[in-house]
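So the sequences go chain by chain: A and B.
To get the numbering used here, take the position in the first sequence, counting from 1, and add 6.
To get the numbering used here, take the position in the second sequence, counting from 1, and add 23.
Hint data in this document are derived by calculation from the structure and do not stem from the laboratory.
Be careful, since some hints might not be right.
Facing chain A, from chain B, some residues (calculated, C-beta under 8 angstroms) [what the hints assert, rightly or not]:
1. T97
2. L194
3. A282
4. I325
Here the structure is a predicted model, which means the values were calculated and not measured.
Each residue gets a CB set at the ideal place from its N, CA and C atoms; glycine is no exception.
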Amino acid sequence: MFRFIVRRLLQLVPALFGLSVLLFIWLHKLPGGPESAILGERATPEMRAAIRENLGLDEPILVQYGRFMRRLIRLDLGTSISTKREVTTEFLERFPGTVELALTAMLIAVALGIPLGYLAARRRGRFLDHVSVAGSLIGVCVPVFFLAYVLKAIFAEHLHLFPSSGRQDPTINATRVTNFFVLDGLLTREWDAAADALWHLVLPGLALASIPLAVIVRITRASVLEVLGEDYIRTAEAKGLTERVVRNRHVLRNAMLPVSTTIGLLTGGLLSGAVLTETVFAFSGIGAFVADSISHRDYPVLMGFIMIIAVIFVLVNLIVDISYSLIDPRVRVR
Amino acid sequence: MSMTERARRKAEKLDRLGELAAARDDERGVSLWQEAFRRLRRNPAAIVGAVILGIFLVVAVLGPFFVPYGPTDTIGIREGLVKSGQGIIPGPSADHWLGFDHQGRDEFSRLVVGARQTLLVGVVSTLIGLAVGAVIGGVAGAAAGLGGRWGRWVDGILMRVIDMMLALPSLLLAVSIAALLGAGLDTVMIAVGLVSVPVFARLLRGSMIAQSNSDYVLAAISLGVRRSKVALSHVLPNSLAPVIVQATLTLATAIIEAAALSFLGLGNPDTAVPEWGVMLADAQPYLGIRPALAIYPAVAIIVTALGFTLLGEAMREALDPKLRK
Numbered sequence: 007m008f009r010f011i012v013r014r015l016l017q018l019v020p021a022l023f024g025l026s027v028l029l030f031i032w033l034h035k036l037p038g039g040p041e042s043a044i045l046g047e048r049a050t051p052e053m054r055a056a057i058r059e060n061l062g063l064d065e066p067i068l069v070q071y072g073r074f075m076r077r078l079i080r081l082d083l084g085t086s087i088s089t090k091r092e093v094t095t096e097f098l099e100r101f102p103g104t105v106e107l108a109l110t111a112m113l114i115a116v117a118l119g120i121p122l123g124y125l126a127a128r129r130r131g132r133f134l135d136h137v138s139v140a141g142s143l144i145g146v147c148v149p150v151f152f153l154a155y156v157l158k159a160i161f162a163e164h165l166h167l168f169p170s171s172g173r174q175d176p177t178i179n180a181t182r183v184t185n186f187f188v189l190d191g192l193l194t195r196e197w198d199a200a201a202d203a204l205w206h207l208v209l210p211g212l213a214l215a216s217i218p219l220a221v222i223v224r225i226t227r228a229s230v231l232e233v234l235g236e237d238y239i240r241t242a243e244a245k246g247l248t249e250r251v252v253r254n255r256h257v258l259r260n261a262m263l264p265v266s267t268t269i270g271l272l273t274g275g276l277l278s279g280a281v282l283t284e285t286v287f288a289f290s291g292i293g294a295f296v297a298d299s300i301s302h303r304d305y306p307v308l309m310g311f312i313m314i315i316a317v318i319f320v321l322v323n324l325i326v327d328i329s330y331s332l333i334d335p336r337v338r339v340r
Numbered sequence: 024m025s026m027t028e029r030a031r032r033k034a035e036k037l038d039r040l041g042e043l044a045a046a047r048d049d050e051r052g053v054s055l056w057q058e059a060f061r062r063l064r065r066n067p068a069a070i071v072g073a074v075i076l077g078i079f080l081v082v083a084v085l086g087p088f089f090v091p092y093g094p095t096d097t098i099g100i101r102e103g104l105v106k107s108g109q110g111i112i113p114g115p116s117a118d119h120w121l122g123f124d125h126q127g128r129d130e131f132s133r134l135v136v137g138a139r140q141t142l143l144v145g146v147v148s149t150l151i152g153l154a155v156g157a158v159i160g161g162v163a164g165a166a167a168g169l170g171g172r173w174g175r176w177v178d179g180i181l182m183r184v185i186d187m188m189l190a191l192p193s194l195l196l197a198v199s200i201a202a203l204l205g206a207g208l209d210t211v212m213i214a215v216g217l218v219s220v221p222v223f224a225r226l227l228r229g230s231m232i233a234q235s236n237s238d239y240v241l242a243a244i245s246l247g248v249r250r251s252k253v254a255l256s257h258v259l260p261n262s263l264a265p266v267i268v269q270a271t272l273t274l275a276t277a278i279i280e281a282a283a284l285s286f287l288g289l290g291n292p293d294t295a296v297p298e299w300g301v302m303l304a305d306a307q308p309y310l311g312i313r314p315a316l317a318i319y320p321a322v323a324i325i326v327t328a329l330g331f332t333l334l335g336e337a338m339r340e341a342l343d344p345k346l347r348k
């Protein structure tokens, strides 16, 4: 197992290298560099050239890439062109919000989706089955940002049950440790701060959870249905095992493999959805910042962001692969 | 036994054989697609999906010729009925079935004309994704299935590229393509299309590799048919079913993603052409006054996407060999 993890992490190195080369070339081919974003339309060519020189963009692309790599080895992602701050500082401030949001959404989707999918399969053709199949079909068809607005209008603005925007009530003077607001509250024992941050996560988390939830219900249902048709389930039931034992040890365990694969693949979509959800709820995560960086041609931010996303994606899928061998001992990771 | 008796029996036997052969011919005459279509017709979900899509197609193609008002005609403001600044946006009436939008334009007419735009964006972007994905997936699948060691090498490289595309969040990929090309309708179509490339590529590749292992491919290669011909005229046509199903499902996601891009302000800057995503985004400031302005286009998007999803899922079931009897 240890060797497997190390080898998978080592495979990340050439993949990241390839990705960085491709991205570097592509980003620098984008028409209108950062100087247009800074100066606007009417800048003289001299002003543009001065800014490009200042940012080191006048040098050959290979030199620029070499500088980027030298910094990257020291885990330095450079300085943001638009905010003039270290990219790593910006990320440490903004990434935790998005991660908290994505984790909340995934937690909701898994906690509701797997039981719902299981029950739908068990009661195939009955009311609950029809409702969850129809619900999951409609769920993938509702635009995330529309759902976010509906939730916000009903539960925040109309019923005042939840806050309508932000990550935490600004009047709470919370201590920051990791910038994961919920975790910070727990670490510093500021329980009200943790509860408030959690409260702010509910609505955006629900909106973001809609598509993963729909997908997980469908995959779980299909997978459980397939397992229920197997001989070993009939055997287990025939020898008089209780329904609970059959469900936990026989059905769910065997049905979880495709579900965990899907959870890994949903990560990318979750980050896309986070951009929209963060916009609606004015939630200060990474989403809006990166979207702005694209229009500002903020190369260091974009490079850094995509490299981190790639690492996250590989790590999530590594965890998924490890979970295979935990779910099904016949799958030996090599 | 007389000769005539024997002849009669033989004739009877031949007739019987002929009948059997005819019956078997009948069975053989049903192709994969005919069988799938037969099962599709019996599936209520498929019927609902097809009806939704039928209505959508008719509205998109013919609707714009029959709308009561021009989609850009600010008739409500001219007649003094709409004062968005003061929060006056009248709802449905006999003359204006769904009321006005914030610029005094007839909401119903805009919704109908917007259907055509939505259809255009959905179809074109799906075709872009399908074309690019099919080329990459087809080359990778043929190389991996039939190409030997070099083929596996080519396949490996292509799939790493596809994996990288999968790793990027689709919306950010779309946003960066939009940044590259500037906001506009073409941008939305290209961006949404390219996002679906990895899915098509992976599907076609997997399907082609599975087909490459079947007996008819072995037979064709043993007979000396060139591998490129085997790939193009034997393996490829037999591998297309899952890709076509995916295209139907992608039409649904394409419509939703296009709406998301319009929502982020990367859509068609020419507001003269109404589009559901833009209408939804435009309605946000007026949610407090008239939430229906957001609900109409949203319901239109959801129902259309649902139509494609229902039909696509039903097609997937109908073509699934595991369910075929």
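Can you give the numbers of the hints that this structure goes against, from lowest to highest?
1
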